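Can you make the complete structure from the sequences, with help from the hints?
Top to bottom, those sequences are chains V and B.
Heads up, the first sequence is in this note's numbering, so the first residue is 401 and it goes up one at a time.
Heads up, the second sequence is in this note's numbering, so the first residue is 401 and it goes up one at a time.
Worth double-checking, as some hints may not be accurate.
Pair ranges (Cβ atoms, derived) [claimed, not checked]: (1) V:G583 <-> B:F602: 32 to 38 Å; (2) V:G683 <-> B:L579: 21 to 27 Å; (3) B:V607 <-> V:G583: 38 to 44 Å; (4) V:A466 <-> B:G583: 57 to 63 Å; (5) B:A599 <-> V:V607: 46 to 52 Å; (6) B:H666 <-> V:H495: 27 to 33 Å; (7) V:G622 <-> B:N417: 57 to 63 Å; (8) B:D574 <-> V:R433: 47 to 53 Å; (9) B:E686 <-> V:G532: 36 to 42 Å; (10) V:V607 <-> B:K603: 45 to 51 Å; (11) B:R458 <-> V:Q481: 48 to 54 Å; (12) V:T554 <-> B:E501: 27 to 33 Å; (13) B:A599 <-> V:G622: 43 to 49 Å.
If the Cβ cut is set under 7 Å, some of the chain V residues that face chain B in the computed set are [said to hold, decoys possible]: (14) A487; (15) N535; (16) E559; (17) A563; (18) E565; (19) L569; (20) C572; (21) H573; (22) E642; (23) K645; (24) L647; (25) I678; (26) P680; (27) L681.
Partner residues aside, some chain V positions facing chain B, computed with beta carbon under 10 Å [unchecked claim]: (28) G558; (29) C582; (30) G583; (31) I649; (32) N676; (33) L677.
None of these hints come from the bench; they were simulated from the model.
Being a predicted model, the structure only gives us computed values, none of them experimental.
Every residue, glycine too, gets a C-beta built ideally from N, C-alpha and C.
Number of protein chains: 2
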Amino acid sequence: MKHMTSLILAADIGGTNIRAAIMDSNGKLSHERRQQALLSSPHTSESDVIDILADFFRPLLQQEPALKAIGMGFPGFFIGQSGILSASPNLPKLHQFKLAERLSNTLNIAVIVQNDALCAAVGEQSFGAAQGHQNLLHITLGTGVGGGLILNNTPYTGESGMAMEFGHLRVCHDADANLCGCGALGCVESYASATAISAQYFKLSGVQRCSKDIYKEALSEGTHAKDVIEDAGHKLGMAIAEAVKLLDIHTISISGGFIGAWSLLHPTIMESLNKNLIPPLQGKIEVLPSILHDDAGLLGAGKLANMVVST
Amino acid sequence: MKHMTSLILAADIGGTNIRAAIMDSNGKLSHERRQQALLSSPHTSESDVIDILADFFRPLLQQEPALKAIGMGFPGFFIGQSGILSASPNLPKLHQFKLAERLSNTLNIAVIVQNDALCAAVGEQSFGAAQGHQNLLHITLGTGVGGGLILNNTPYTGESGMAMEFGHLRVCHDADANLCGCGALGCVESYASATAISAQYFKLSGVQRCSKDIYKEALSEGTHAKDVIEDAGHKLGMAIAEAVKLLDIHTISISGGFIGAWSLLHPTIMESLNKNLIPPLQGKIEVLPSILHDDAGLLGAGKLANMVVST
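In structure tokens form, the structure reads like this:
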């Protein structure tokens, strides 16, 4: 029972915002701390990352000496549970970077680090929309479209930490398909990310509008926003169908500002999903909106650290 | 060491052909027995299946009293390792059929049964092209296109035994995409199965030819067969890319008569696969031809049974 009170410094590291809080074993957060920090420059070095994170975490470590570990979600590919970052698309100078080990040596505390979308999946499964499900595909709709997979209660990383590149499933093979940031045509990310939503809206309306406003406008009939969100939902349903046909996984959760238009988005996704499944899988898949929102990654990272210190 | 000599009755049950042999722990087969048996009629009942299989296995069981178990690959969806067939597309009367238990009670020997494509994956990993790999996606190109997945040395079945419906990944979204047997348009099966190869060849040439002859003809320049096989290879590469982006799995094996045209097929698959992967995965994936051919399913089924009786 002593582990029930283990305190973890949980953190969610983004390209422009970094965030941390103290988390107890029940997922209760306190002492939250946020900071803008440019962690997506082509010049950012390993030492830059360690310096920025160490400076950011130190006040919390000093405030709460009982902290057992740091659990951190980070954008990039991690090799298994090693804490070694093999690569990070927005931090091209980092390769085979022993992030957990170096930060642990600097701060003198255990550090557990995992891919940010995978942390969000763990968060939703442990404390959020997918509690009680042993298998989960969690989809994050933000600047990009990410995915995290849990199989039999175990976070799935793949052979080189690059599993669940869900955003790069192809949902359109037309010659005029949208161009994705990865260089390919027709990836679901190029239709359903927040960036794509704004770009598609601009293409239809000629008006520049942020994705959050588009989600609101989409709830009214006859708007360009409605068309854009319906197309995104349709494409998401197609991509989810491909994942389900491979994995036979029955629970999907989705996070991101996008779910502000859930009453429109959900039926569109479900229609497209079921249309694209083989008959015996039709009607068996549940698609749930995140209930943790921005906290999913933080809570999942804390949970992973908690599991390590409790064993 | 005593388990090294465990003898298994290994079997591969197809829609029209059933096959069995005695297998030792090293995958050596003997006393092979084949039979034509219609196991794909809409009227086939549970009792029909048990009667056909029991009559077919009895002579082998009598011949070798030391047999420890029957290991059997069967076309259909199995719930985990339970031996319960939830459904079989070509045997519509079977639902939640306790196949392993009923056959075991009838023949008085342990019966281990699993999906046929998954057995083939286990066979290639244990004795064939993918020996030494912990993770494998095995693709079977026959009347249909199937898939079997091994993650961390464990056969992956999914939540309802329907994982790796690889043949139904969509590789074409055009309105004139090929119609698949599942009712959807543009599934990879509708381009790369033996049936599809013959149909595509007929469409181009007006000549009815069996798939094996088409593979041979494909090795000559300027033939319709070459065009058909290249298109199939291109579509297979696209579908493999989708699976790799989700699973980050680096070893793929392929079985079926199709690999008779491997010298043409392999470069076509690789080009299409790498073109459709995200950059960090490009060049990392190995696609291997089966070396076990028709024996993969039989050997994998035997291996699964051997693992059960050895523990």
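*Which numbered hints are broken by the structure, listed smallest first?*
none
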